[in-house]
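Can you build the whole structure from these sequences, using the hints too?
Position 128, counted from 1, in the sequence shown is what the numbering used here calls 1575; the numbers after and before it change by one each time, with no gaps.
Hints are computed from structural coordinates only; laboratory data are not their basis. Positions of the beta carbon are idealized from the N, C-alpha and C atoms, including for glycine. Hints should not be assumed to be uniformly reliable.
[Claimed, not checked] Quick list of simulated restraints, FRET-style, between CB atoms:
no. : residue 1 : residue 2 : range
1   : ILE1510   : SER1682   : 33 to 41 Å
2   : GLY1834   : ASP1734   : 42 to 50 Å
3   : THR1512   : ASP1788   : 52 to 60 Å
4   : ASP1757   : GLU1810   : 38 to 46 Å
5   : GLU1741   : GLY1533   : 56 to 64 Å
6   : VAL1642   : GLN1529   : 39 to 47 Å
[What the hints assert, rightly or not] Cross-link-like lysine-lysine pairs, in silico, BS3-like; alpha carbons within 30 Å at most:
no. : residue 1 : residue 2
7   : LYS1634   : LYS1695
8   : LYS1604   : LYS1816
9   : LYS1721   : LYS1604
10  : LYS1731   : LYS1816
11  : LYS1721   : LYS1634
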Amino acid sequence: MEKTHRSKTIPALLAGGIALAPVSAALAGSPAMSGIVAEANDAESAFAAPAGMSRLQGNHITIQTMYASPQANFDVDESLTQVGGGDPDLGEDPIVIPSLYYVHQLNDRWHTGFSLTIPSGFGSDYGSEWAGRYETVDFSLVYIALSPVLSYRINDKLSVGGGLGINYTEETSEVKIPQGPGQSDGKISSDLDGVGVSVTLSMLYQFTERTRAGISWTSDSDADLEGNVRLRNLSPVFDEVATRLGIKDINTELTNTLPQRVLAGVYHEFESGKYFTIDTMWMKFSDFSVSNIELNGNDVNVSAPEIYNDIWALTAGMGFPVNERLTYKVGAMYLTEAVDDEDRSFSIRLDKMWGVGVGLSYELTEGRKVDLNANYINVGEASVDTGNGEPGIGRVVGENDDPYALMFELTYHF
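Take a look at the structure:
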């Protein structure tokens, strides 16, 4: 079926620029993001599954740094692409993701704590001359989440927990505007930020001293973003029209809804000390939306496209103690695609992903431990075909070359 390319209007720029938010990057306690829910051996429980804090004695702090280096480059299919410029000048930028977790035991039944994380962070700089410059030039999207939490041990087997997620969002993006033969490109840039709130509820059940299972639910988060959209580098004719219409600097407000998610996992330790974890995640990504758009105080009626799929993820990990201090770890993960190939755009270029990882945990002294993990993540070809283009825009076709990322994590527990 033939696809029709839609021009990059201001509402489309806003909706696309923040569409990458729901994919979490901070659930990484063990190799390949395994052991999220039921392992519950350190302060990281304060983020994903606060019921697990009930297993901890005293005060616990975890400081974590993840370095992600995307290796994929978008390869333009010039035999099908109708816009000159070729491949992007640059690929995706490396990402450094710091996190902080704290747990305090109030008494035998109550624990409190918080996490300060960057659960999502994305950045790409494709360059200003490539074939897809009328779709995207660069963007940056950062989420910072402060989550105060509380847990309660009901009995020796069952614990519950919950908390709030206070989510700050900052988004910037730039797209080029074609201005006709002989004219240089103009550009549209956006700069928005805002705060949303989510609720997390979790439960952990310990069947035996060696086996436990947990579940955690996080609600939708609606963030009211405010900022400006600017038109720049316009030709004299376009500049005069934009000035007359008052759209060179547009005060912008919109609501971005991040979908709810459910995490569930099990942990089992063998008599030898070896253990395994299995975790799964479901995110109702089909509910992702950008709504209530206002430009200079005027409502803009934009219908969110129903192109997104619910996301499922599965991770599995194993630990192999060598002695009382040293444990080796391995893990694997799989994530389903958020958007089908025929619906994918440059704004939300997510494909199915899989990954493997290795790591080690070393106890420095009693109560002080270091984790080091290395992961290989295959991010998929993430092909895009904008379809048969409108005059002045044109079709852009391509996919990832070398579709993988390397992720390294260093964590200090004390």
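Let me make sure I understand: some of the numbered hints might not hold for this structure. Which ones are they, in numerical order? Violated: hints 1, 2, 3, 5, 10 and 11.
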